[in-house]
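Asks: Each chain, letter by letter, is given below.
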Amino acid sequence: MVDEATKKTLSSIPLLKTKAGPRDKDLWVQRLKEEYQALIQYVKNNKGADNDWFRLESNKEGTRWFGKCWYIHNLLKYEFDVEFDIPVTYPTTAPEIALPELDGKTAKMYRGGKICLTDHFKPLWARNVPKFGIAHAMALGLGPWLAVEIPDMIDKGVVSHKEKTEGDYAT
Amino acid sequence: MTAVEWDEVKRLAADFQRAQLTSTVQRLSERNCIEIVTKLLDLKLLEVVFTTDGKEYVTPQQLTREIRDELYVHGGRINLVDLVKLLSVDLNQISARAAEIERTDQNCSLVLGQLIDKTYVSRIAEEVNERLLQQGQVTISDLTRQYDLPSDFLQTVVEKQLGKTIHGKQDKTDPQVFFTESYVARNQACVRGALAAALRPISVATLLSQCGVEERLFYSIIGNLMETKQVAGVITGKQQSGSSMYIPSIYSRSQNEWVNSFYKQNGYLEYDALVRLGIQDHQLFVRRHFPNEKLLLLPTCALGPQVLDQVEAAVEEAVATGSMVNIMPLLPSFFEPEDAKEILTEVLKNSKNKYTSQNVHVFCSTVVLTEQFIQKLTKPFDAIIQKKAEEVVSSGAYLLAQAESKVQNNRGLAEQDESSTKSDRREERRKKATGGKGGGGTQGRETKTKSTKKKYLRGKAAAGDDSDEETASSGKTSKSSVNKLELLSFAEIKGVLTADELLQEEGDDLAELIVEIANHIHPLLNMSGLVAAEVIFESTMATTAQNRRKTHSELQDKLNAMFTNVRLFEKGIKQFSDKNVEQPLAKYLIKTLCTEMTNEIFSYVAQENMIQYDEAKELSPEVRMKILNDLPNESKEPLLKLHKSLNTNSVEEVLNCVEGALGPGICDMILRKPDKKKERSQLLTHRQALLEQLTSSEDPALVLHLASLVLFQAVTQTMLHASGRFVSNILTYLQSHLTAEIFKTMQQYHDLVLKLLTSGADDDHRSHIVNALQEGMLAIKEIATSFKKHSSTEKSQQQSE
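Here the protein sequences line up with chains A and B, keeping their order.
Counting from 1, one number per residue, gives the positions in the first sequence under UniProt numbering.
Counting from 1, one number per residue, gives the positions in the second sequence under UniProt numbering.
Just so you know, the hints here were simulated from the structure itself, not pulled from any lab data.
Each hint should be verified, as a subset may be incorrect.
DSBU-like mimics (lysine-lysine), calculated; alpha carbons at most 30 Å apart, straight line [stated by the list, open to error]:
#, chain 1, residue 1, chain 2, residue 2
1, B, 341, A, 44
2, B, 55, A, 47
3, B, 39, A, 47
4, A, 131, A, 105
5, A, 60, B, 10
6, A, 19, B, 169
7, B, 10, A, 47
8, B, 636, A, 77
9, A, 17, B, 10
10, A, 68, B, 550
11, A, 44, B, 55
12, A, 114, B, 494
13, B, 55, A, 25
Produce the entire structure from the sequences given, and follow the hints as far as they go.
Replies: Given below as structure tokens:
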């Protein structure tokens with residue numbers, strides 16, 4: 001199952017109500033609103049706990065999302081680009097989050113940099129349709145994946161720290 | 001509608017971006033914080049104080065402030081331990097801070113783990129003042145109890161505030177006590193009243209309980225009162241102990257007056273009386289009270305020189321007059337004999353120069369006897385001793401004792417040589433002992449049954465004069481006490497002393513004194529007795545030696561005479577040819593004269609050999625045998641022969657034996673040869689004796705007997721020793737030698753005598769015979785006396801023929 005910290009994080013993200021995909025015109029707007037609210041809350045939560053770890057923005061329709069995520073290991077910040085599309089069957093199908101930079105660097109990844117989610121993720125998501133949204137996918141999918149995979153990759157030397165990114169972040 | 005909604009979405013997206021772009025709160029985790037703080041502490045960049053739960057930090061400044069706040073909240077006094085709980089900071093930190101506060105702030109002080117404020121101190125001072133006003137007196141110890149603060153702190157607080165906030169006075173004797181003037185005045189008045197009222201010694205404890213005054217205060221008050229001379233009296237005993245007494249001077253004055261007057265009047269002080277007056281340590285008191293008087297401290301009283309002088313005078317007088325004095329009557333009645341004894345020793349010690357202790361004896365602790373007086377007392381004993389000594393000597397007990405003491409002396413001398421003799425008396429005794437005549441005198445005095453008791457008494461009386469000697473010889477005492485010769489028993493001496501006039505004059509109750517005197521003079525008397533006995537013994541020895549020489553010759557003469565007589569009598573017996581007459585006559589002779597002679601010899605021998613026998617009685621054969629058994633062997637043989645010869649009938653043999661017995665070695669006597677002349681005179685004297693007897697005799701039978709004996713001698717010119725039984729035999733013998741007429745007369749008379757002896761109680765007949773005998777007696781006597789002439793003439797005629 002999901003670890004305690006994650007569970008706690010999840011529970012603090014507001015649940016969504018509207019079951020609608022990008023194709024449902026008005027309902028999707030409704031859904032999108034709810035998504036944003038959940039994300040704002042989540043980010044706020046993270047910031048409040050000094051645990052901010054990603055930046056996200058979407059296109060106008062809210063079907064494509066992109067941004068950055070980072071992980072701090074041994075007092076060094078490792079930053080990666082993150083992107084994903086809202087599938088048509090959303091919210092029944094969970095979005096497939098991808099880190100294109102790391103494509104081919106780890107076994108826990110599909111072609112195109114899509115991360116392999118844990119066995120738990122899918123049934124959990126399925127059970128909670130339509131209550132889970134993007135915020136949940138981030139908290140439940142990408143967060144734990146980073147925590148497990150990044151240190152491993154750093155150890156293997158696959159990922160190295162880039163001063164530049166740090167500097168970028170600072171600016 | 002949709003547009004509006006899309007706007008809304010746009011807005012939300014913008015919100016989202018904004019939310020994401022807002023800087024994250026720079027929040028540190030707790031863990032990090034702790035790490036950062038420790039780091040800072042390590043680097044000494046930060047100074048904080050940890051709370052006890054470890055979750056909080058406080059800076060020292062904050063802590064100081066908090067402590068001050070708490071102090072204020074708690075009214076100026078707070079315990080550091082309470083602070084620990086209130087601020088949840090470690091006690092070490094707090095006490096460090098508190099010390100800091102005390103150092104920097106003059107208003108605060110740290111006392112006994114408590115932080116105290118100036119306001120609090122002033123409040124205490126006010127409270128103390130109130131209390132002082134209420135109770136009149138306050139002690140630091142009370143305050144300590146009340147405020148739970150150390151006494152020296154309170155002391156300084158109170159002293160500092162004294163006269164400012166606290167209106168009172170500090171006790172001079174006890175700085176811990178404070179009181180108000182009014183309180184002191186009140187108590188002083190109370191005590192002054194009580195002391196003024198006291199007439200007798202009163203214990204301070206009683207005073208305190210009656211006045212209700214504190215003991216501490218009491219003493220300071222008393223000191224004050226005495227200083228200002230408001231009360232007259234003294235406090236005795238240790239202060240603060242409660243056992244001290246207040247003695248009013250009026251009491252001690254009257255006490256002293258009494259003691260002085262009593263002493264002046266009587267010259268002594270009785271301890272009992274002092275105790276009654278309440279003086280416990282009487283000896284000390286007496287010494288202090290009369291430092292100039294020479295007081296003799298006795299077990300029950302103190303004695304002044306007056307009484308001592310009296311006693312001394314009495315003793316001196318007694319010594320001067322040579323009498324005795326009992327000091328008891330001179331002393332006050334309650335005096336015990338022990339006191340008297342001490343007085344006497346004191347007196348005798350003082351006057352040792354005037355008369356030595358030998359002159360004076362102390363008996364019964366109280367009676368002084370001079371030597372002269374004792375001499376007087378012993379005078380009556382001289383006669384008794386003389387008598388006793390004679391008795392002892394004559395009874396032979398002295399001899400016995402002497403013999404035994406000789407054995408003793410040999411042993412005793414050896415011992416005595418070792419122990420150096422000290423006194424002259426002892427020297428004398430020794431001389432006597434070496435002389436061998438002392439007769440138990442060697443240890444005459446020591447050899448007494450009562451020696452142990454006497455030793456003790458003498459030791460007391462003679463004041464150690466020769467007590468060492470006594471002890472030295474006490475070992476011998478037990479040995480030699482067996483054979484001592486006691487001339488005068490203790491009881492006898494006592495009896496004589498009791499009857500003594502000199503003592504009778506002195507008083508009534510003398511039994512004890514007599515016993516002691518008797519004890520004292522007993523050995524002396526025995527000594528002198530023994531000396532007397534010795535003298536007597538020696539003199540008797542001398543006289544007996546003389547006597548013996550005399551008796552020896554006398555006996556020799558006597559025995560010679562007897563011997564001659566017997567021989568003459570034997571001759572007479574030989575005249576009788578008839579055996580029947582001769583034998584009994586010889587036997588009679590042996591029985592009478594020979595036995596007598598033998599007895600003389602035996603008694604002489606017995607005396608010579610110191611054999612005891614009864615001199616008053618005639619020696620019986622048994623006694624003779626006894627003597628024989630005790631005789632030495634050389635003299636035994638002849639005497640035994642003599643003894644046996646008495647049983648034979650032969651006079652000749654007896655005489656031979658006598659001669660043997662008288663021989664040298666036994667009696668050392670010489671028998672004279674038979675002498676004709678002597679025999680003749682012997683015959684004459686014998687006849688004369690017979691005739692004298694005859695003339696004086698009135699008894700017819702005796703007259704006849706004597707007459708016949710005289711006739712026989714006249715006829716035969718030999719002596720005859722015969723009893724009356726032989727008269728008829730003699731007559732028949734004489735018949736041929738006498739004229740018929742004479743013979744007839746004699747015969748007739750003889751018949752008459754026989755008749756008289758055989759006649760019974762027939763009065764007429766008897767008186768008739770007696771008359772006839774009386775008539776014939778003269779004729780018979782005539783015949784006997786006249787026949788001599790006749791016969792002598794006849795004889796001369798015959799001789800002439």
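Asks: Would you list, in rising numerical order, the hints stated earlier that this structure does not obey?
Replies: Checked against the structure, the hints that fail are numbers 1, 4, 6, 8, 10, 12, 13, while the rest are satisfied.
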